[in-house]
Amino acid sequence: MIATTDGMPSSAIQCFLVSLSMEQTSCVITSRASASLYVKCHTEASGGVGVVGRPTGPTAATGVDQQNFCVTHVQFVNKDYSDTLVICVGGQNFSWIDFWQLVEQTHSLHRMFHTNSKPNTVYKTPKWMHKATVTHNTMVTAIAGPKLPTMPCGMETSGFTPYIAVAYRNGIIKLIHRYSFQVIYNCCVDQFRELSIPEKRNLNHNQPSHLSVLLQTHSSCGMIGVKDNNIYLFRSVNANDTGVQMSPTYIVLLLEYAATTGWDWWDILLATKQSMIEDICQKLNDNFQKQPTAVQELMCSRLLAIKMALYKSSANSYHLAADCQAKLLLYTIATVFKGILRPRQISSQDNNPAEKLSMLCNKSSESELLILLTNLEFSDFLVDAASLQSFQPLIQWIADFTLHLLGSIPLQQSYSDIPGSLLIRDSSVLSVLRELFVIIRLWGHINPNCLPFFTMNSSIECMSHLFKLLTKAWLCVKEGGSVEYEEGLVSDCCHLTSEVMIRNTRQTFSQDTLGYAIFHQSTPQTFQIGVEPNYVYSCKQKQQFMTIPDITTESKQMYDIVRQINLGEKPAEPVRECSRCGAVSLVQSISSATSMKAWEKRWASACLCGGQWKWTIT
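In our numbering, the protein residues as written are 1 to 618.
Hints were generated in silico from the structure; no laboratory data involved. Keep in mind that the hints are not guaranteed to be accurate.
Said to hold, decoys possible - Cβ pair distances, simulated, as ranges:
#1 His495 to Gln525: 15 to 23 Å
#2 Val183 to Glu278: 33 to 41 Å
#3 His107 to Asp6: 27 to 35 Å
#4 Gln389 to Gly530: 39 to 47 Å
#5 Phe527 to Gln389: 25 to 33 Å
#6 Lys124 to Asp286: 38 to 46 Å
#7 Ser491 to Gly444: 39 to 47 Å
#8 Ser464 to Ser605: 38 to 46 Å
Said to hold, decoys possible - Cross-link-like lysine to any residue pairs, in silico, SDA-like; alpha carbons within 25 Å at most:
#9 Lys614 to Ala604
#10 Lys472 to Ser458
#11 Lys290 to Lys472
#12 Lys273 to Pro248
Think of the CB as a built atom: it goes at the ideal place given N, C-alpha and C, for glycine as much as any other residue.
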């Protein structure tokens with residue numbers, strides 16, 4: 001449906017139903033007239049329909065000449081639903097907002113037109129019904145409707161109040177209830193102005209500054225406004241007088257809706273309190289386990305990204321966010337590696353090589369890697385040598401990630417909040433690592449250069465030794481034990497740090513949470529482009545204690561989060577930076593292999609954390 005106006009309050013607001021159809025190679029646009037209406041202020045002021053001679057319009061209320069009025073805004077409350085129309089009429093010193101709702105009106109035929117086949121024929125026609133009017137003594141500059149489709153039932157009990165935001169020329173913002181059309185909150189934008197904001201002086205001191213643009217976020221938990229040379233972000237949750245807080249169950253519903261539709265979930269964090277995060281993550285896990293296997297495979301990466309965002313927005317969950325990001329990258333790499341495995345013969349009765357490998361690793365407790373390889377068909381794992389070479393940085397990341405997990409086991413008794421503390425107790429993570437070690441060892445027979453590189457202080461075969469330790473940890477967790485109290489495993493892992501050099505943990509566990517630190521700061525906050533906020537320094541100091549300097553090597557080089565390669569301190573090629581977590585990546589592809597290009601395109605639009613890329617000058 002399309003609503004049109006010529007700007008005159010005396011003219012009708014005409015509505016049309018427009019449909020598109022394909023006829024062979026042509027697109028046909030069909031338009032037909034629908035129910036139209038006149039604005040309420042015109043009919044009442046002119047003694048129109050239903051209010052003959054009653055001077056209740058804007059002319060009577062303000063004494064202002066109505067000839068200077070015009071229709072300033074015509075829009076639907078929600079772009080996906082055309083059942084509620086907002087019409088604003090006004091001038092410099094007055095505004096009149098009408099809310100109309102489209103309903104079906106039934107008409108019965110006279111009995112003389114009845115037939116034997118249809119004795120009681122009833123026709124339904126659309127009709128616009130006036131619901132409410134909101135007036136103000138200044139012009140409307142912006143109207144922001146909700147983007148989230150909601151229903152009136154159950155909204156109040158969830159703690160969420162759907163609203164329509166209206167900004168006026170004198171700086172006033174009114175929040176109007178989506179269904180009752182009552183004003184539930186109003187404020188002035190000048191009360192949010194900080195003295196530290198360097199604003200341009202208004203040449204006309206008699207005119208207060210106002211919001212020229214106002215938008216609701218996808219979840220309606222926030223609003224974004226533009227005023228003069230400033231951008232405002234408003235937290236707009238619990239906008240009612242009942243004091244009902246938004247429930248964790250409703251926040252979980254919003255997060256699941258965002259994951260399903262592909263919307264960014266950053267604005268939902270505005271409504272998330274620090275005390276809710278653990279409860280929300282637990283509810284997300286419980287709902288995820290109830291889904292079918294196909295849905296779990298589809299939504300696994302999105303669930304990890306949402307949990308990572310929740311933990312990063314918490315002041316004391318940095319290590320949990322790092323675990324989620326490492327787990328997300330591990331599962332994504334495992335999906336890619338298993339996806340390029342092809343069976344020798346296509347048969348519906350045989351499992352593919354990836355399924356055979358998973359079944360073998362889950363059933364077998366064999367800790368010798370070479371013995372386990374004898375139970376697999378080498379021909380099922382044949383891959384182009386060039387593709388394997390392009391995967392070498394990802395293979396190296398898997399090896400370094402395994403070293404970090406095993407090297408941190410002796411520290412688990414003393415440090416319970418170091419990166420990897422939860423992953424080493426996750427049997428599914430250890431099982432995936434065992435499967436990947438088998439795949440990597442088999443690929444090493446095709447192209448030895450794709451194998452991971454280790455800096456050794458002893459003559460042990462590192463991959464076989466790591467696989468043996470992984471199997472011990474996997475069996476311990478599978479049987480319900482604690483890896484940090486397994487004496488044999490702890491002893492072997494203590495010697496591991498003296499036998500193999502472990503690389504920087506920041507390359508495996510991304511610990512940059514500065515983009516989310518705003519969610520646990522006191523508000524309001526003031527920012528300037530190019531100026532680092534004061535709280536960022538304290539956040540950086542806290543993150544330094546997450547590393548384990550006695551078993552890892554530190555590096556100041558830039559690290560490509562997508563390709564898992566070092567770029568040096570000053571990369572020669574242009575790089576892009578995540579606007580949320582600060583991770584960097586090369587803009588141009590450096591590989592000619594099709595499989596690696598597909599991996600790079602997976603992260604073309606957004607970083608692993610879900611943040612958008614921005615160009616940086618190196």
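Going through the hints against the structure:
1. His495 to Gln525: 15 to 23 Å: violated, 49 Å
2. Val183 to Glu278: 33 to 41 Å: Between Val183 and Glu278, where Cβ atoms are some 37 Å apart, the hint holds.
3. His107 to Asp6: 27 to 35 Å: Since His107 and Asp6 have Cβ atoms about 30 Å apart, the given range 27 to 35 Å holds.
4. Gln389 to Gly530: 39 to 47 Å: holds, 41 Å
5. Phe527 to Gln389: 25 to 33 Å: violated, 44 Å
6. Lys124 to Asp286: 38 to 46 Å: holds, 44 Å
7. Ser491 to Gly444: 39 to 47 Å: violated, 29 Å
8. Ser464 to Ser605: 38 to 46 Å: Hint holds: Cβ distance 40 Å, inside 38 to 46 Å.
9. Lys614 to Ala604: This hinted pair holds, its Cα atoms lying about 11 Å apart.
10. Lys472 to Ser458: Holds. Lys472 to Ser458 sits at ~21 Å (cutoff 25 Å).
11. Lys290 to Lys472: violated, 30 Å
12. Lys273 to Pro248: holds, 9 Å
Hint compliance for this structure: hints 1, 5, 7 and 11 are not met, and every other hint is.
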